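Given two chains presented individually in distinct reference frames, assemble the corresponding complex, making use of the accompanying hints.
So the sequences go chain by chain: A and B.
Sequence positions in the first sequence follow the numbering used here and run 101 to 393.
Sequence positions in the second sequence follow the numbering used here and run 2 to 157.
Taking lysine to aspartate or glutamate pairs in the EDC-like style, the calculated list, with each CA pair at most 16 Å apart, reads:
1) Lys290/A / Asp315/A
2) Lys234/A / Asp274/A
3) Lys371/A / Asp140/B
4) Lys137/A / Asp129/B
5) Lys152/B / Glu202/A
6) Lys210/A / Glu153/B
7) Lys291/A / Glu83/B
8) Lys291/A / Asp274/A
9) Lys137/A / Asp132/B
10) Lys341/A / Glu312/A
11) Lys137/A / Glu122/B
12) Lys152/B / Glu138/A
No lab work stands behind these hints: they were computed from the structure.
For clarity, every value in this text was computed on a predicted model and none was experimentally measured.
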Amino acid sequence: MKYAFFLGCTIPARSRNYEVSARRVADKLNIELVDVKEFICCGFPIKASDQRSSEIMAAYNLCLAQEKNLDILTLCSSCGSALTEAAHHLSEDDNARDEVNEHLAGAGLKYEGNVKVRHFARVLFEDIGEDKIKEHFQKELSDLKVAIHYGCHYLKPSEIYDGFDEVEAPRSLDELVKLTGAEVVDYQGKKKCCGGPVLPVDENVALSVTKEKLDNIAVTDANAMCLVCPFCSVMYDSNQKSIESEYDTTYNLPVLYLTQILGIAMGFDRKALGLNMNVVKTKELLSRYFSKE
Amino acid sequence: MGNVDLEHADMNFRKELARQPGGEKISACFMCRTCVASCPISAVNDRFHPLRIIRMALYGLKEQVLSSDFIWLCSSCYACQERCPQGVSITEFMTLLKNMAAKEGHMPAGIRAQLDLVKGEGRIYPIDDFDNKKRAKIDLPAVPTTCGVVKELFPE
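With the rest of the complex left out, here is chain B (with noise of 0.2 Å):
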């Protein structure tokens, strides 16, 4: 990493997140990581880092994290959770990351793709009759192929 560029930082950032479920301890992080050594992404792979994360946070550098690629790979396994000394929600604050980003349309095309089948069709894996007649070979009650109720939770 070299040096970090405060020019365009938003100081107001860290407020915004301390409102939100999630972001509301991050600034009681002392570094000390245990989050990075409790991770298995970070494990695999050296883009994904929590501490670093939570300090371009704490930096306000809000667009370089929302716009991030490595935000995403966070698994949501909650393991620097259950560890972290100070009590910061990690992996709340990670998924907090990714739902602004997300509202700012910072998307993986895959991510992108499960919101769209899970809110239209009601499930992440529609069921058809060839999945029904699979299911009633082995005796298994018949699963609904359609789902209306959606477009009710969810108007528009």
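Excised from the complex, chain A in its bound form (with noise of 0.2 Å):
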């Protein structure tokens, strides 16, 4: 199994967690991830304001697996609905596909309208599947109780991701956590946003957004949070401290992603998995899975 790595803006700059613990498990997996280093911005950020230019920023990418001959595969949630929705809409509208093939031109390609584009989440559940990933499992990770949030664009828009999980009842990051011993602690609220993407236009109510979550995970039992986008992570782990301080009020809720759930269970340490760059200290819940520290 072999994918073109689309790493996108925040993971490489922010989220270098997330990318190492990533690759680590991918090698364990035997997925091979090859890195484009010409890829550029998937075209989500711009969205809002210049869907056009977004939709030929994500093309360009498409291309450039295309010119490889791989399918791709995003960390970021964010970025795999960018480049999904432009596979799907540019692999169906003839008309579309000539427009954005114009500006394409200017760079020397065109687009054919083949190219799949997967979550390496979505991977993980409907391509390599329980039994494989269990294999390279040495550790159980019980005690650990982990609150899901799945973020919107792993799942939505739901005409884009082939039906491979319910909007409305997901349960793929269920089961790959629920693999490794953890529990999977439920809470209301958990299909909701993390407030990302209004960050740039409302600070207080993009954080009263992922405020609103921290306060229903801290209600439970659970004594961890798990995730699959890099914004999101800024969100919960970056901005915990800001809103702990600004609301007077204290979560101290590590926020693992699931790579780094994943890679503890296949018994990879603290370091291979990025878990010192976490923003919420993990060692007091994670110290009884690591042997000498």
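If you want it as structure tokens, here you go:
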């Protein structure tokens, strides 16, 4: 199994813990990730202001994968949705493809319309499967009680995702986390947004959305959060301290990437999974899974 | 909300919207408020109210909608769109309004900054040598610090 590895903008700059843990897990599962250094922004951040340019950027990235005869694997849910949406639209609508190709001609490229885009978690759930993942586990993550955050663009808009999971009753991440022996804790508002896209518009509104979910998790016995998108992590991990001080409250809730949780179960050490880069400290919670530290 | 002032309404706005992706089905809205009940933004801030925005658009309040700050509070989470019993692509409709507003020069500063950065540098977080040093330290491959292709994709 081989994919063009689409990192996007946030991951290489701000979420190296996600990247490093994903590379370890992929390697263990024999998923070859091909780095394409020419990839640019997926287009998602400018969809609100300039949808046409957004699709041109997405199509440019699809073209680079096409040149290598590979499908694309993403770690970021927003990158996943921007690229998947463009892939869908441009495979179905010949006129739209012709229009986009006029721009791509400037870069000497032409998109044919056949590249597929997959989020890493979807590949694990759909293609690798329970048995092959469990084969590589060395540790049972009992005592870990995880509140899962699906985020929005991993699953929505549903019309572009071929029904790989249910928007109103998602289970893919629950099932992947449960494989490790961790307990999945349900909470109110589980399917809600992190607030991230509103951050450049109104920080207070964005952080109130983030806070609502942290409050809803705080009343359960969850001792960690699990997510699959670097921007959701910016909201829950990087901004957790500022929400605590703004609202004079304390969560101290470690926020882990799915790939870090799977990586712990696979026996990788703390640094190999970038756990030292998580903003909310994970050491106390996870010490039982690492031997001498 | 007070009375709706229709004196400056643009009755063609509804048709203009109906011709574009996201705006095709807004007249099917029967005001059930499923969108509002599903909206994570409406839950924390009453300035954002999807149903009200759809009504304003249908009433032809073009200028009021496009120059508003509230359309930009939509987080594009798709909760409303997934649940709309009338099949209105509400999230895509919000994107359409934001795009039209941007074309007319109405854009929050943070959104404009993102647009300039992405179309200028090809990335929302441009990478510098310091980033690449940090990447090298944990055996991650270097990422380019410049992006020339955006000038080819978006000439001028």
